[in-house]
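**Student:** Put chains W and E on the given structure of chain F with help from the hints.
Protein chains in written order, with our numbering: chain F, 146 to 423; chain W, 410 to 625; chain E, 140 to 743.
No wet-lab data here; the hints were simulated from the structure. C-beta: ideal position from N, C-alpha, C; glycine also. Treat each hint with caution, since some may be false.
[Unchecked claim] Simulated coverage check for chain E against chain F, where a stretch passes if three residues somewhere in it have a Cβ under 8 Å from a Cβ of chain F:
no.	segment
1	304-317
2	488-499
[Said to hold, decoys possible] Each pair of labels, with its calculated beta carbon distance range:
no.	chain 1	residue 1	chain 2	residue 2	range
3	F	Pro176	E	Asn488	39 to 45 Å
4	E	Thr201	W	Val470	47 to 53 Å
5	W	Met477	E	Glu683	54 to 60 Å
6	E	Thr201	F	Val194	43 to 49 Å
7	W	Ala481	F	Pro176	38 to 44 Å
8	E	Pro489	F	Arg212	45 to 51 Å
9	W	Val624	E	Thr401	42 to 48 Å
10	F	Ala219	W	Gly463	25 to 31 Å
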Amino acid sequence: MSKLQGLSFGLATVVLVVLATGYFMRDWLPPLKSDRGAIDEAMAATLVVTGLVFIATNLLLAFVAWRYEDHEGAKAAYWHDNTRLEIAWTAVTAVIMFAFLFNALKLWADMTSEAPRDAVVVEVTGQQFRWVVRYPGKDGAFGKTDAAKVDVDTENYIGLDKSDPDAKDDVLMVNDVYLPVGKPAAVRIRSTDVIHSFFLPNFRVKQDALPGMTTKTWFIPKVEGDYEIACAEHCGLGHYKMKGQLHVLSPDAFEAKLVELGPAAPEAPAGSPNQASE
Amino acid sequence: MPAEALEDRAKETPTHSGGGRPESRCGAPGGDPGPGGTGILGDPALFGVCAFLGTVTMLFVGMTSAYMVRRASADWRPLAPPAILWLNTGALLASSAALEVARRRFRGWDLPAARTWVAVTGLLGALFVAGQYGAWRALAAQGIFLASNPHSSFFYVLTGLHGLHLLGGLAWFAAVASRLRRMTLTPGEDGLRLFAVYWHFLAGLWVYLLLVLFVL
Amino acid sequence: MAHAEAHAAEAHAPQAFIWKYVFSKDHKVIGVQYYVTAMLMALIAGLLAMLIRLQVGFPEATWPTLGKLLPRGFSDGIMSPEFYAMLFTMHGTIMVFFVLSTAPVSGFGNVLIPLQVGWRDMAFPFLNALSYWTFLPGCIIILASFFVGAGAAAGGWTSYPPLSALQGAVPGSGTGQTLWIVGMVFFIASFTMGGLNFLTTILNLRTKGMSLTRLPLTMWAMLLVAVLGLLSFPSLVAGCILLLFDRHFGTSFYLPSGLILTNVPLLNPDGTPLHAGGSPLLWQHLFWFLGHPEVYILMLPALGFTSDILSTFCRKPIFGYKSMVGAMVSIGALSFLVWGHHMFVSGMNPYLGMAFAVFTMLIAVPSAVKVFNWLATLWGSRIQYRTPVFWALGVVSLFISGGLSGIWLGQSAVDIPLHDTYFVVAHFHLIMAGAALFGVFGATAYWFPKMFGRMMNETLGKAHFWFTFVAYYCTFFPMHYIGIAGHMRRIYASGRPIGYYEFLEPLQEINVFITRSALVLGASQLLFFVNFFWSAFKGPKASENPWNAAGLEWTTPSPPGHGNWPGEIPEVHRWPYDYSVPDAPKDFVPQTDPAPIGARAGGH
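In isolation and in its complexed conformation, chain F is listed as follows (with noise of 0.2 Å):
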């Protein structure tokens, strides 16, 4: 009776998480839609190799639960310490660990680096419960905001000072970010209230947005689409609901999305004027 016990102990463990993996394997990750693929590529090695090292040992598990039950006439070996094997248990895991840091380390640096100068810059800011986007217009440069400048009527939610020279062009909108397919995209993400996490499932993209501050992340879309953005940071009630659209357009289609939204006839915002062309 308790054999089974014993048995049905490890088994349980890896004949429900295994079937169950195969089952949900249909819910991985959502499509991938942007150049940060790498990532994807580190949590299938990832995968493989916890996945491998959760069945030997709960494979282990089971058999030593089910060989080494008590019963008449069994006797308990003593023996307590083994120098070597340990030293070669530590040793291969600290090993395994660093393999995964050395490539988690590699890809960590790639995506927290410096935008590259021809990017695509827009600023997402959060509030309770949206997302307002802006655009530089074609000088480039983002007005100065005031909290004093909130204007809800003109839809000014973040308080864009239009006396600013720099704030002329700006463009505002909530809750839609269009990008150019294939631009490396930089985003500038800010947040007026409280904590939010910009996150783009498709893209691999999560930066949290923090008031006081401008935290900043870039990715390159690869396919052009409607994609959701969502909040993944606690914010309040509305947390749930605080969704955007991230509209990935050709080239062209981008920058008369741009002319249709802003104030004037902008081209492409990009960091630097003359780069618009590339």
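**Tutor:** Relative to chain F, chains W and E alone:
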């Protein structure tokens, strides 16, 4: 608060070993593989006080790191220290010194002198607390309040926190002094030891805070 | 002689009910008080979890009965988003601090430390009683917050400002958040008093022969937990003090300028900003400097229990005692250097992120060593399948599962998509909450004789284990999948009609499955409560050493009287893991047996 409780315990111990609880019988310190019989490991109450001071230290380490982070921001405007702080510092350091003199007199069986120096210790400690309050008043008179600027916020919070620990120390001091008057401390055995550790720590902590707030 | 002493000890014990069981200074009574209070808090926090899962699993459903029972949380039978936010905030807070830091540490720590190191009581019994009577008001304050103003704190258990600092940011950020802070300060004060006692007792007061290398691994865990608590909790106190000043006295430690709340700028009457220059990241650093050691405060005792239980029921010495201690010490030390892995995407300097990733991956090594040591302990053993060993095996299993997902999250780049999703929820429920909870259940079954002098029911115990084990995996393992698919934490509804995200819609059926499993998990705990209360009063009386265990605590009566040993405290001659020693008359050699057999006998 825990410090007073520790002191209570220290007071209890002799009664217990004399009474029904046979705890002093077993595990006699000094047994070879047993607990350390000498130094701080042979002295649970002292060890407890030191561990408590360790956790108080971490509280101020946490505060210091917050202070360092905050000081790096653009709106930092340094505060001029109210002059009375230097007098206060002198009073607290003198209080610590007086306590040491009291302990020496005490160990030398000179009870009247010990009592005098203990009184001086307490008086100087109380003077320090009053002086700190004076420093708050001096700043407030200049229109510098808790929320005026980040440096003043930290000044009020850190001096307040230190002051609370000091008030706890004064309460402990009152207990020690009253026991001294009732002669329940044995001369030569120096019952001021635990309190002294705490009191000197607070003096050192104050010098540290002063350095962090106004010198470094 | 011994009899005279015993009588003296008994005579010294308080007789009146109120001094014996209520305001007792006896470590065992205080331990049981802590334990029972924590378990009642677990019941409440567990019910909160059930409500959370009802909402996530069936967001469109109406619950008229629940609506009548909890009129403040429901309108027309539909749970309100503010109630949902309070639920997950308070579930986390209560479980992490008031249950899983309390039951294993303050509960079993108090019961076990003097029994396992060989002393009459804790070093400072009065401080110990004071610690419990500080903890209890903390519990009451935390629970009371549900009934004040706009309700309990709703900023998440991490209470990130400005959400927790601006009173208008979320309903619970009014009085509820203030009570949260006050409750936490009470909790931390009580934990500090307990920690001082643990540290002093284990290091200063051990019976003759009980050298550090002869301590049970549970005692090593308690020692480290005390150190971690004493060094890390002050950081949260500092954080809470500053938060309190920002909330009520207009300072700007965490709050920057330029704040706009629901389209209204936060300005002074003269037009200057109400706050300026503060950094919300400062709180996160102070919080997680506690938060990560706190994880190990929860886990280390469970790892200690598991080692002791496995050795006893395997009838085999624990494998690699020294490396077990070394692993725990290095986990404890490294736990102070990894807090930033909670902040990879927080906006912290990416170079700092790299350093934290290094230490995070490093901490996996001692954790793996522990698993291998347990497997080696099991190898060649003779497992007696009683209830405690199931829970111990459960801890091993959960520690493996949860530890492996930690390797995913520790790689800072892989953390980007997984951060703040259900993957994280799965990870910490398996490793931190699961291991701690299973450890507590195992310890309860194992040391019940020393707590109540009776045995727990085996059939109920095993049934409770199997239901819990299967339901636990069914509840938390699928969260990995929805987390990888991007499902954010703490959202009130995911798929339509109430939720907003298309990419979450296909995940709803998994959410339903998780909710059903969670309800089974919750209901299974009834088995425990029935077993616990029935056994405490009606269970069969336990002998002094019902498991034939070698540890020092099994040389006392069950339950031990006031003063623990009727006679002198015995001298210790060996480590507590001498099972199946060749040439020994029985299959275990008690720690007090001076016979020169076994590898760890005699003088070292």
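**Student:** So, for every hint listed, does it hold in this structure?
**Tutor:** To see whether the hints hold, each was checked on the structure:
1. 304-317: Check passed, 4 qualifying residues.
2. 488-499: holds (count 5)
3. Pro176(F) to Asn488(E): 39 to 45 Å: 32 Å, violated
4. Thr201(E) to Val470(W): 47 to 53 Å: At 52 Å between Cβs, range holds.
5. Met477(W) to Glu683(E): 54 to 60 Å: 56 Å, holds
6. Thr201(E) to Val194(F): 43 to 49 Å: 46 Å, holds
7. Ala481(W) to Pro176(F): 38 to 44 Å: Given about 42 Å between the Cβ atoms, the range holds.
8. Pro489(E) to Arg212(F): 45 to 51 Å: 49 Å, holds
9. Val624(W) to Thr401(E): 42 to 48 Å: Holds, since valine 624(W) and threonine 401(E) (Cβ atoms, about 44 Å apart) stay within the stated range.
10. Ala219(F) to Gly463(W): 25 to 31 Å: Between alanine 219(F) and glycine 463(W), where Cβ atoms are some 49 Å apart, the hint is violated.
Violated hints, in rising order: 3, 10; the structure is consistent with all others.
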